[in-house]
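K.L.:
Chains A and B supply the protein sequences, listed in that same order.
With positions in the first sequence counted from 1, the corresponding number in my numbering is that position plus 422.
With positions in the second sequence counted from 1, the corresponding number in my numbering is that position plus 422.
A couple of the hints might just be wrong.
In this list, chains with the same sequence are indistinguishable; a pair is considered to hold if it fits within one copy or across any two.
Computed cross-link-like contacts, DMTMM-like style, restricted to lysine to aspartate or glutamate with a CA-CA straight-line distance of at most 25 Å [as the list claims (entries may be wrong)]: (1) K463 <-> D448; (2) K442 <-> E455; (3) K442 <-> E468; (4) K499 <-> D448; (5) K475 <-> E438; (6) K442 <-> E470.
Simulated from the structure, these hints should not be mistaken for laboratory data.
Protein chains: 2
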Amino acid sequence: MNNAIFYHAGCPVCIEAEQKVAEAIDKARFHVEIVHLGEEKNRLPEAERAGVKSVPALVLNGVPFHINHGANLSALK
Amino acid sequence: MNNAIFYHAGCPVCIEAEQKVAEAIDKARFHVEIVHLGEEKNRLPEAERAGVKSVPALVLNGVPFHINHGANLSALK
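Chain A with its partners taken away, still in its complex shape (with noise of 0.2 Å):
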């Protein structure tokens, strides 16, 4: 199974992301995992170590993907 994991944080930008392109992502191959970095902030190692510098950002398979541009990681801290 394939692993997405798509990080937020509640923000506007953040959420038209995930209603739209998490949402569009095949369920049949991908294990979709939604976390708000805001609210689980112990979640914030590991984006980073994915490589995550803001959110929204879609991580598939280990490889980071930042989808517009809310807030950088630095703010949710």
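Following the hints, complete the assembly by docking chain B onto the known chain A.
P.N.:
Below, chain B without anything else, positioned relative to chain A:
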């Protein structure tokens, strides 16, 4: 049927996004079209009208999402 158009310009950032993000879209729910704006310059006005500022970009049902950053659209004209 939902509509997804992935605009790119053949750059390495574009190709990675195409192979990972565009590939992850659920083909059962989305008609996915890949457009190389360097080779199909006649599609530039349409991309601009959809709000695409840079490539790679994914337009889902008319809403643009910029994925990482390869090149500005202005560089492709």
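K.L.:
Against the structure, test the hints numbered earlier, and report the numbers of the ones violated in rising order.
P.N.:
1, 4
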